[in-house]
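Enquirer: Take a look at the letters that make up each chain.
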Amino acid sequence: MKLQGGIYFNQDGLHQSVRAMHIQTELMGISSANVNGFDKVGYQKKEGVISSFAEIIGIHGLSEAVDDKMGRIFLTKNPLDFALANQGYFQITDKNGITKLTRDGRFMLNKEGELLALEGQHVLSQGGGKIKLPFLPEKLDEIIVSDDGRIELFNPKTRKVEYVDTISVVSSDGGVVIDPKVKQNYAEASNVSLEEEFIGMVPIRRNFEANRNMYMLQNNNLTRAIQQLGSS
Amino acid sequence: MGYNLQGLVRKNAINSINQFEKMGYISESMSNFSTRAYKAVRFEEVMHENGYASHTVRTNHAEGSYQTTKNPLDVAIKGPGFIPIVSKSGEIFYTRDGSFTVDREGTMITTAGDIVGNGITIPANYEKLEIKPDGRVFTYNTLPSDGDYRGTIPVVSFVNPEGLEEVGGNKFAKTQDSGDALLVTDHSRITQYNVERSNVDIFESVNDVMRTNASLLASTSLLGVIDKMYEKAININQ
Numbered sequence: 133m134k135l136q137g138g139i140y141f142n143q144d145g146l147h148q149s150v151r152a153m154h155i156q157t158e159l160m161g162i163s164s165a166n167v168n169g170f171d172k173v174g175y176q177k178k179e180g181v182i183s184s185f186a187e188i189i190g191i192h193g194l195s196e197a198v199d200d201k202m203g204r205i206f207l208t209k210n211p212l213d214f215a216l217a218n219q220g221y222f223q224i225t226d227k228n229g230i231t232k233l234t235r236d237g238r239f240m241l242n243k244e245g246e247l248l249a250l251e252g253q254h255v256l257s258q259g260g261g262k263i264k265l266p267f268l269p270e271k272l273d274e275i276i277v278s279d280d281g282r283i284e285l286f287n288p289k290t291r292k293v294e295y296v297d298t299i300s301v302v303s304s305d306g307g308v309v310i311d312p313k314v315k316q317n318y319a320e321a322s323n324v325s326l327e328e329e330f331i332g333m334v335p336i337r338r339n340f341e342a343n344r345n346m347y348m349l350q351n352n353n354l355t356r357a358i359q360q361l362g363s364s
Numbered sequence: 040m041g042y043n044l045q046g047l048v049r050k051n052a053i054n055s056i057n058q059f060e061k062m063g064y065i066s067e068s069m070s071n072f073s074t075r076a077y078k079a080v081r082f083e084e085v086m087h088e089n090g091y092a093s094h095t096v097r098t099n100h101a102e103g104s105y106q107t108t109k110n111p112l113d114v115a116i117k118g119p120g121f122i123p124i125v126s127k128s129g130e131i132f133y134t135r136d137g138s139f140t141v142d143r144e145g146t147m148i149t150t151a152g153d154i155v156g157n158g159i160t161i162p163a164n165y166e167k168l169e170i171k172p173d174g175r176v177f178t179y180n181t182l183p184s185d186g187d188y189r190g191t192i193p194v195v196s197f198v199n200p201e202g203l204e205e206v207g208g209n210k211f212a213k214t215q216d217s218g219d220a221l222l223v224t225d226h227s228r229i230t231q232y233n234v235e236r237s238n239v240d241i242f243e244s245v246n247d248v249m250r251t252n253a254s255l256l257a258s259t260s261l262l263g264v265i266d267k268m269y270e271k272a273i274n275i276n277q
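Residue numbers (the numbering used here), protein chains in the order written: chain A, 133 to 364; chain B, 40 to 277.
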């Protein structure tokens, strides 16, 4: 639209501002998810990635990337807590046969001796099956898991440590991780740093507010233009 | 993806509430730091892809440390296992708190008043009371003499102790998940003049408090930030 004095009014400006506000809201959502995941075991930080032409395609120009750096590892002293000190994921399968990847290595045993994740999903072995101990140990620290994920169990009858199975650790594309560095008695907190998240949120808020102001300015101008042109 | 401000407010509120609950469980563990044979509870949160976390409460059945006492009726189980006890209403529970006493009939009871095993009666006048490592209780009237056998403190084990349900008062009840109680015979796990301390790690608890507090504060302050944004988005023409 050409206004008086030959100035062009950006008709799409209002939309652009709205799109930008929408993107900032989504970015806020990603930050909020990171803040909520801060103390959750195995949570991996998400990052918003804005592509070119986001001012035109709006929210479709935003994608989420997962930061697969290692998180903070802490001692839990539970022999069935495993942390991965390398990149990679455990595989767990639920009742419906859906397999998921997780870095949350807090496992438990049921009375059949099967290794389960906290919500009852089976932990998969390198062979792709469920991990089942031949018998349940009297004390959990009779289960020994080495760095490469090999599970061994002390057999009081033979007084020997016997090999049971190997925990599957895969990369995000499904390939086997050669050196997973499974740490027994440890769990991994998230790789989120709170100060980074809160500092990162400042520009998001400011960008939101700037776009809101732009919207209001353009809206005012448009209103004025319509009124002035309409009254003449 | 697909966040909206209303959803964000909700997620942060839920996280704050969860963390408050977690604080409660941490303080339960900490306040039982000096409870005999107390097993620490852990509030474990599992994060889902949709941004919400669910939680389970687990009991850590690791052994605590041991403390010697001068009371002949203090016994501790060294190694895994539980002592079955019968409450006044006739229910069977399991405990590791072996600081026993006797009631006025001379029956060995726990501090909560539950009968140990199937009832061990100890006479009032004895010179010495001995509890053997396999749980047999002997009293001696004159020393030296052969003791009189008074009964046995039984020890049972469960295939999956994590499945036991904590019923309060330092007692556990068996469930479907724990399996049945199996009587341990021919053992030497009972030690007289000892009590088991709790397995609460105070440093771990403090660390947990700090982490939970950080998450709680972060979520509540984020709630405020998002609320302001929400307000500005609604009142865009003012």
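Quick caveat, the hints were computed from the structure, so don't treat them as lab data.
From a predicted model like this one, the values you see are computed outputs, not experimental measurements.
Glycine included, every Cβ here is placed at the ideal spot set by N, Cα and C.
Some clues are possibly wrong.
[What the hints assert, rightly or not] Between beta-carbon pairs, the in silico distance windows are: (1) B:V96 <-> A:D226: 18 to 26 Å; (2) A:K264 <-> B:E204: 48 to 56 Å; (3) A:D226 <-> B:D219: 52 to 60 Å.
[Said to hold, decoys possible] The calculated lysine-lysine pairs, modelled on PhoX-like cross-linking and capped at a C-alpha distance of 25 Å, are: (4) B:K117 <-> A:K271; (5) A:K292 <-> B:K117; (6) A:K243 <-> A:K201; (7) B:K213 <-> A:K178; (8) A:K313 <-> A:K289; (9) A:K243 <-> B:K267; (10) A:K271 <-> B:K267; (11) B:K171 <-> A:K271; (12) A:K289 <-> B:K267.
Enquirer: Please go over all the hints and tell whether each is borne out by the structure.
Expert: Quick rundown of the hints versus the structure:
Look at V96 (chain B) against D226 (chain A): about 21 Å separates their beta carbons, and that is inside 18 to 26 Å. Between K264 (chain A) and E204 (chain B) the CB atoms are about 24 Å apart, so this pair departs from the stated range of 48 to 56 Å. A beta carbon spacing of about 28 Å between D226 (chain A) and D219 (chain B) contradicts the range 52 to 60 Å that was offered as a hint. Taking the CA atoms of K117 (chain B) and K271 (chain A), the gap is about 12 Å. The hint holds against a cut of 25 Å.
Note on K292 (chain A) and K117 (chain B): the hinted pairing holds, with a Cα-Cα distance of about 22 Å set against a maximum of 25 Å. Of the supplied pair hints, the one linking K243 (chain A) and K201 (chain A) is violated, its CA atoms being roughly 35 Å apart against a limit of 25 Å. Restraint check for K213 (chain B) and K178 (chain A): not satisfied, since their Cα atoms lie roughly 42 Å apart, outside the 25 Å limit. Only pairs whose Cα atoms come within 25 Å are accepted, and K313 (chain A) paired with K289 (chain A) is rejected, the gap being roughly 30 Å.
Distance hint between K243 (chain A) and K267 (chain B) is unfulfilled; the C-alpha atoms sit about 51 Å from each other, more than 25 Å. This hinted pair does not check out: K271 (chain A) and K267 (chain B) have alpha carbons roughly 53 Å apart, beyond 25 Å. For the given pair, K171 (chain B) sits about 23 Å from K271 (chain A) by alpha-carbon distance, which is consistent with the 25 Å threshold. Of the pairs offered as hints, the one joining K289 (chain A) and K267 (chain B) is violated, with about 66 Å between alpha carbons and a cut-off of 25 Å exceeded.
Hint violations for this structure: numbers 2, 3, 6, 7, 8, 9, 10, 12, all remaining hints satisfied.
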